[in-house]
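Peer 1: For reference, the chains in residue letters:
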Amino acid sequence: MAHPTQLGFQDAASPVMEELLHFHDHALMIVFLISTLVLYIIIAMVSTKLTNKYILDSQEIEIVWTILPAVILVLIALPSLRILYLMDEINDPHLTIKAMGHQWYWSYEYTDYEDLGFDSYMVPTQDLAPGQFRLLETDHRMVVPMESPIRILVSAEDVLHSWAVPSLGMKMDAVPGRLNQTAFIASRPGLFYGQCSEICGANHSFMPIVVEAVPLEHFENWSSLMLEDA
Amino acid sequence: MADVIDDKIKNYRTAPFDSRFPNTNQTRNCFQNYLDFHRCNKALSSKGQDTSPCEWYQRVYKSLCPMSWVEKWNGQIEDGSFPGKI
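If you read the sequences in order, they're chains E and R. Quick note on the UniProt record's numbering: the first sequence kicks off at 1 and runs consecutively. Quick note on the UniProt record's numbering: the second sequence kicks off at 1 and runs consecutively.
Hints may be right or wrong, so weigh each one.
Said to hold, decoys possible - Coverage of chain R stretches by chain E, computed from C-beta distances (three or more under 8 Å per stretch; other residues unrestricted): (1) 9-15; (2) 54-65; (3) 73-80.
Unchecked claim - Quick look at which bits of chain E chain R covers, simulated, 3 or more residues with Cβ under 8 Å: (4) 107-113; (5) 117-131; (6) 172-186; (7) 216-224.
Please keep in mind that the hints were generated in silico from the structure rather than gathered at the bench. Every value quoted in this text rests on a predicted model; they were computed, and no experiment measured them. Note that beta-carbon positions come from the ideal geometry of N, C-alpha and C, so glycine has one too.
Using the sequences and the hints, build the whole thing.
Peer 2: Laid out in structure tokens, this is it:
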């Protein structure tokens, strides 16, 4: 989850997010280098005592500052496209979960074997236990087995919503009447928080998402318990 | 042929990748399997054959389709107002 004064991304919890993080580091470093160079040149131009203003052209520098940016752009484009295609790979999911957006809560359906469905409402601030996160906790979490490829089908029952979990590198719009597919693998067990990312009315800011990644046996126990309770 | 299908149904984990629907929008995947299940049932039972191979389509649409959509379509089939051709 995000913490106060955070500048960068949240710690990655899926392989795709790790790749995105590294790519962002790479691209941002290029941006910093270029900006530093430009700032240095500006300061040098402004503070010089030299007054010769009759340089009309120079083929060599023109060639350099055309070829070099093109090379830099290629160095940015290649990793970017690699990740784009990586995200589009055909995967063979072990589990399908449907995330349905409502005003103003999410409901999750696990229907591969039995019909398990439940709603996930935000825990109001006054009901939080010590140590829980304000506006992020929910009464029922979306529990998933860790290290398994999982398919998430996102849709909505009323207006547009968007299902987003930054530490998994996921965001997918929830459109009524449409079923949007996304997939992830949780590389480690833990709690991963997200918030609705498409304006959907008065309580748009108060319908968070919590993904709980656990070992497979714990997931099986949890789903049996949930089915009994239903 | 029937045992191949039985095997697939027994080892069913979740709806597999369907190359007819390779993109993000899986709406048609869900609807197509729902239609195929009902068409399979109708076709096999009209010939008096065993409809257990149709269970594959049922497992797939149950995995993919939101429960509210399935309930709505089931209601429409009962009413006779279902928009698809079965």
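Peer 1: Run every hint past the structure and note whether it holds.
Peer 2: Now the hints, each set against the structure:
{"no.": "1", "hint": "9-15", "verdict": "holds (count 4)"}
{"no.": "2", "hint": "54-65", "verdict": "holds (count 5)"}
{"no.": "3", "hint": "73-80", "verdict": "violated (count 0)"}
{"no.": "4", "hint": "107-113", "verdict": "holds (count 3)"}
{"no.": "5", "hint": "117-131", "verdict": "violated (count 1)"}
{"no.": "6", "hint": "172-186", "verdict": "holds (count 7)"}
{"no.": "7", "hint": "216-224", "verdict": "violated (count 0)"}
Violated hints, in rising order: 3, 5 and 7; the structure is consistent with all others.
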